[in-house]
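Trainee: So the protein sequences, as listed, match chains A and B. So for the first sequence, full-length UniProt numbering puts the first residue at 1; every next one is plus one. So for the second sequence, full-length UniProt numbering puts the first residue at 1; every next one is plus one.
These aren't lab readings, by the way, just hints derived from the structure by calculation. Among the clues, some could well be false.
Since the list gives no way to pick one copy over another, a pair counts as held whenever it fits inside one copy or between any two copies.
Below, in silico cross-link-like pairs of lysine-lysine (DSBU-like), each with a Cα-Cα straight-line distance of 35 Å or less [what the hints assert, rightly or not]:
hint, residue 1, residue 2
1, K551, K337
2, K539, K606
3, K243, K334
4, K245, K114
5, K337, K622
6, K95, K338
7, K243, K524
Note that the structure is predicted; figures quoted are calculated from it, not measured.
2 protein chains.
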Amino acid sequence: MNLYLPIICGILALIFAFAFSSGITKESAGNDRMKEIAGYIHDGAMAFLMREYKYLIIFIVAVAVLIIIAIDIKTAICFIFGAIFSICAGYFGMKVATKANVRTAEAARTGQDKALKIAFSGGAVMGLSVVGLGILGLTIFYVVFGNDINVVTGFGLGASSIALFARVGGGIYTKAADVGADLVGKVEAGIPEDDPRNPAVIADNVGDNVGDVAGMGADLFESYVGSIISALTLGYTLFSNDKTKLIFPLILSSIGVLASIIGILIARRSKGDNPQKALNTGTYIGGALVIISTFILSSNIFGNYRVFGAILSGLIVGTLIGKVTEIYTSADYKYVKKIARQSETGSATTIISGLAVGMYSTMIPIIFIAIAVLFSFYIMGGASDVAMGLYGISLAAVGMLSTTGLTVAVDAYGPIADNAGGIAEMSELPSSVREITDKLDSVGNTTAAIGKGFAIGSAALTALALFASYAQKTNLNSINLLTPGTLVGLLLGAMLPFLFASMTMESVGKAANEMIEEVRRQFKEIPGLMEGKETPDYKKCVDISTAAALKEMILPGILAILVPIIIGILLGAEALGGLIGGAVSSGVLIAIFMANSGGAWDNAKKYIETGVHGGKGSNAHKAAVVGDTVGDPFKDTSGPAMNILIKLMTIVSLVFAPVIAAYGGVLLNLFK
Amino acid sequence: MNLYLPIICGILALIFAFAFSSGITKESAGNDRMKEIAGYIHDGAMAFLMREYKYLIIFIVAVAVLIIIAIDIKTAICFIFGAIFSICAGYFGMKVATKANVRTAEAARTGQDKALKIAFSGGAVMGLSVVGLGILGLTIFYVVFGNDINVVTGFGLGASSIALFARVGGGIYTKAADVGADLVGKVEAGIPEDDPRNPAVIADNVGDNVGDVAGMGADLFESYVGSIISALTLGYTLFSNDKTKLIFPLILSSIGVLASIIGILIARRSKGDNPQKALNTGTYIGGALVIISTFILSSNIFGNYRVFGAILSGLIVGTLIGKVTEIYTSADYKYVKKIARQSETGSATTIISGLAVGMYSTMIPIIFIAIAVLFSFYIMGGASDVAMGLYGISLAAVGMLSTTGLTVAVDAYGPIADNAGGIAEMSELPSSVREITDKLDSVGNTTAAIGKGFAIGSAALTALALFASYAQKTNLNSINLLTPGTLVGLLLGAMLPFLFASMTMESVGKAANEMIEEVRRQFKEIPGLMEGKETPDYKKCVDISTAAALKEMILPGILAILVPIIIGILLGAEALGGLIGGAVSSGVLIAIFMANSGGAWDNAKKYIETGVHGGKGSNAHKAAVVGDTVGDPFKDTSGPAMNILIKLMTIVSLVFAPVIAAYGGVLLNLFK
C-alpha cells in the first residue's frame, strides 16, 4: 500500500461530488418566481464569498510573510494551499447548495423521495469536497515536500485560518440576519417567517448557507486535516523505518472516504416515509465499513488489534456525543420539556433553566472524551511507551473523523431543506410543498444538533492530538502545572474562550442592531412594501450582514493567532502548553454549553408551538421566544466559534513551535 | 517573636467584637412595630442556623469518621474544631447583624452618622469574629499538635465544609426568598418592595443575613485559614530550623488583625455626608499599616525585601480586582449603560449583552492574578528555587487576605443597612429614615460588588497556594499535562464548575417555585391580607427557604468532597492535580463571569429606574427586570459557590493526600 490510495480516494470523492453537482443542475429550478428568489439567495451567498476573499487575500499574504520570516517558505506554501483548498471546498459546496435548495422545493411538488434525494445530494457535494480536497491536498504536499510532515502542518494552519473566517464570520452573518428578520418582521410587523415582504428574508436564507453549509464544512475540513496531520506528526518518530505504518493515518482516512461514498449512495437511494431512517442507514453502514476495514488493517499492518481499539474508541465516542446532544436538545426528552414548563413563569426562568441545562449537558460528553483519551492511550501501550500512547489519541481523532464526508453531507442537507422551505413560502407554492420541506427540515434540525455535538467532540480530540504534536515538536517532555508559567498559561488560556464568546456575542448584537434599523427603515420608507406591491431592497440587508460579519471577526481572529505566539515568546514553550491546555478545556466546555443551551431553547419554543403550555402567542411562548433569541448566537455563532478557537490556537502553536522553542520565555529569562 | 502574638491578636479581635456587640445591644431597638419586625427576621435567621446545625452534625460526624479511618484522629479533631470555629463566627456575626439592623433604622431617625456607625459596627463584629477565631484556632491547634502543620490542614477542611453550607445553602436561601417575594409581590400583586403584606418579605430579609453576612463570612474565613495553612505548609520544609520564619505567616496575619482593628476604629468614627469615604479611609489606612509593617518585617526576619514584594503583590492585586469589578458592574461606566440601552430592544438583548459583559470582565482580573502569581514566584527567587517561589505565591495570598477583618466588616455592613431599610419600610417610619438607609444601602451595594471581586481573587490565590501544598505533600515534582491522566483530570476538573453552577441555579429555581406557590396561596387564602388587616404567615416562607436551601446543597456538597477523592483513587495523585488545575481555572472564570453579569444586570435595572430609557414601568425596564432576575442566582448563588467549590476540592485533596499518594491510580494500574 502506498500514497496512490489516498490520492485515488480523494479524486474519487471529487468525481462523485461533480457527478452529484451536475445531477442537481440538470433538475428543474421551478417557475420564474422561484428562480428569482433562488437567484437572490445565490447572488447573496456569492457576494459574501467574494467580499470574504478580499479580506482573505490580505490575511493570507500577511500570515504567509510571517511564516516565511519565522519558519520557512515551504511551510508558507503549504499554508497558502491549505487555505486555497479549504476555500475551494467551501465555494463549491455553497454554490451547489444554493442550486439544490430551489430544486428541492421544485421536486417537493412531486413528492418527498425526490426532494430528499436532491437536498441530500447537495449536502453530499459539500461533504465529499471537504474530504476529497482535504486528503488530496495533504497527500500531495506530503509527497512534494519529501514526507516532511513539519512543513505540511502549514496546510493545517491554512485550513484553520479559513475556518475562522467561514465559521465565525458565517456565524455572525447568519444570526444578524436571523435576529433582524425575526425581531422586526415577525414580532414588530407581524408578518410570517420567510415572507418575501421582509427585507432581511434573503439575508436570512443566505445566512443558512454561509453559516451552516460553508461554516460547518470549513470547521470539519479543519478538524479532518488537523487530526491527520497530528497522527502523521506523532507517527513520524515512531515509524521512521516503516513507510506503511508511517502513512497509516492517510490509509485510514482513505478507507473512510470510500465508506463515506458508499454510505452517501445508500442514503440517497433510500425511499419511504421516514427521511431520518434513510440518513441513519447510510451513516451506520459507512461507520460499519470503517470498523470492519480497520479491524483487518490493524492486524495486517500492526500485527495486533490495539490500533483498531484506539480508532474504534474515537468512532464510538464521536457517535455517542452526537446522540447525547439529542437528549439535551430534543423535545422528546425531559430537559427541553422542563424549559418549556419554566416558560410559564416568564422569560427569566426560561433563561435560567436553559443555561442550567446547557451547563449540565457538559458532563456526559466530557466523560466520554475522557474515556476515549484514556482508552486510546493505554490500549496502545502508553503506560510503558508514552509516544505510542499519544499516537493512539491521535488515531482516535482520525477514527472519529474518518467518516467526515458522510457527517458533513448529512449536516449540510439540513440548511438546504430549510432554504427549500423558505423558497416555497416566498414563491407561494402549495402548502403540500411546504409540508414536505418542513418534514425534511425538521429531520435536518435533529441532524444539525447531532452534527454540532460531533463537531465539538472532534475539535476537542483533534486539538488534544495537536497538543501532543506540539509538545513533541518543542521537545517538551513535560508541561508541568507546578511551574508558575504553566499555571499562568492555564489561567489565561481558560479565559480566552470566555473572551471569544463575549466578543462574538457582542458582534451578533451589533450586526443585528444595524439590520433591525435597516429593516425598520425599509418598512417605513418604501411605499407599498407591506401591501406586497413593491420589492424590498434585499441587497442592502445582505450587504449589512456581509460587512458586519467580516468586520467583526478581525479582532477575534487576530487574538486567536497572536496570543499563542505572544505568550510563547514571553513565557516560553511550556507556558504556551499550559495556555493550550486551558483554552482547550474551557473552550470545549463553553462550546457544549452554548450549543446545547441554544438547541434546547430553540426546541422548547417549537415544542410550545405544538400547542402545549398555551401554544403559540401565549405568555409561555413569548418567554420561549426570548430563550430562542438568546440561544441563536449561542448555538450558531459563539458556541461553534470555540471549535475554531481551540484548533486554530493549537495549530498556530504547532507551526510556530520551532521559533518558540528557540526564542521563547523572554519575560521569564529576565528573572534568571 | 513567637506564637503569643497571634493568640493575643486573635483575642484582641474578639474583645473588640464583643465590645462592638454590646455597644449595639445597648442602643434603642425602636418602637414595638420595629421590634416585632426585627424579631421575625432574627427568629428566621436563627431558625435557619438551628436547622443547618442539625444537618451539620451528621455531616461533620460522617467526614470526621472518614478522616479517622483514612488519616488519623488528630486531623479529625482539627477538622471538627475548624468547623466549630467557623460556626461560632457565623453564629455570632449573624446574631449581632440581626440586632444591628433595627438599631440602624432607629438611629437613622436622628441622623446618618449614628446609623452608619451602628451598621458598620455590626459588620465589624462579623469581620473581627472571622479573623479572631481564624487566627486563634489555627495557632492553638498548631501549638497543641506540636507544630504539625499536616494535622492542622484538618482545621482548614472544617472551615471549608461550613463555608459550603453557609455560602451555597445561604445563596439558595436568599435567592429563593428574593425571587419569590419579587415575582408574586412586586410583579403579580403590585405591592412595593419590603411591604409587610408580602408573606415572603421576612424570608427575603433573613436571606440578606444568611447569604450576605454569614455566607460571605464563612467564605472568607475559609480563604483566610486556607491561605495561612498553605503558607505554613510550604514554609515547613524551607525553614525547619528557623522558628521565626516558620511562623511568619501567622505573624503577618497578626499584623493584619491589628491593622484591621485600627482601620475599623477609624472608619467607625468618620463623620460627614459621604459614608463611602469613611469606609475607604479605614480600608486604606488598614492596608497601609500592613504594607509598612511588612516592609520592616521582611528586612528584619528574612534579611531582604523579597517577602515584602510577594505580599505587596497580593495586597495590590486583591484591591485592583475589587476596583475592576466596579468598572463592569457600576452604572457610572459604559458596560452597565450599554446593557441598559440594549434593554430597549427587549429582554433577549438585555440577556445577551449582560452575558457578554460578564464574560468579557474575566480578562483583566485573570491577567492581574497571573501577574501576582508570576511576580510573587520570581521575586522570591523561584527561578532557581521552586519551593521558595511557591512559598511566595502563598505569601501573596496571605498578604491579600491579611486585612480580611476590615474587608468583611465593610462587606457585612451592606446587608445590615439593607435590612434597616426593609424594617423602616415595614414599620412605616418617616421617609427621611428610608432616605438615609437607602443611601447607606447604595454604598453597601458598591462595597458588596468590590467584596465579591475580592472574595473571588482571594479564593483563586488561596486555591493555587493550596494546590502547591498538595503537590508537595504528595511528593509530586510535576503535574504533567502530557500524561493522559492529568489531561483527563484537567477536562473533568474544568467541567465541575459548570455542573456546580447548573445544579445551584436549578436549586434556586426549584426553591423559588415553591416560594411562589406559597406566596400565591397566602394571598388567595388569607382573607384581609391585601388590605393589611391580617398578618401573613411569614414563618411558612422562612421554612420553605430553609428546607430548600439545606436539601438542595447536599448533592453539590457530596460532589465537591467525593469527586477529588474518587479521581485521586482511580487515576492517581497527578491526575487529581490536573483535576484541581482544571477546576480552579474554570471555576475562577465562571465565578467572575457570573458575579459580574449579575451585578451589571442589577445596576442596569437600577440605572433605568433613575429615569433613563423610559424609566420605571417602561418596556426597557421590564426587560431589565428579566436581566436582574437571571442575575440573582448568578451573583448571589452560583457565582459565589465557585469560591467554595475550588477551595473545598483543593483542601480535600490536601487532607487526603497521604491516602491518594499511597493508594491512588487504581484504574491506571490495571493497564500496567
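Trainee: Is it within, between, both, or neither for K337 and K622, if the alpha carbons may be no more than 35 Å apart?
Mentor: both (16 Å within a copy, 26 Å between copies)
Trainee: Indicate which option fits the pair K245, K114 if close means a Cα-Cα distance not exceeding 35 Å: within, between, both or neither.
Mentor: neither (44 Å within a copy, 82 Å between copies)
Trainee: With 35 Å as the alpha-carbon cut-off, assign the pair K243 and K524 to within, between, both or neither.
Mentor: neither (69 Å within a copy, 81 Å between copies)
Trainee: One pair to classify: K539 and K606, alpha carbons no more than 35 Å apart. Within, between, both, or neither?
Mentor: Result: close within a single copy only, 30 Å intra versus 41 Å inter.
Trainee: Which holds for K243 with K334 at a C-alpha limit of 35 Å: within a copy, between copies, both or neither?
Mentor: neither (52 Å within a copy, 61 Å between copies)
Trainee: Reference check for the pair K551 and K337, CA-CA at most 35 Å: within, between, both, or neither?
Mentor: between (38 Å within a copy, 24 Å between copies)
Trainee: Between copies, within a copy, both or neither: which fits K95 and K338 at Cα up to 35 Å?
Mentor: The answer is neither: 40 Å in one copy and 39 Å across copies each exceed 35 Å.
Figure legend: structure checked against the earlier numbered hints; hints not met, in rising order: 3, 4, 6 and 7.
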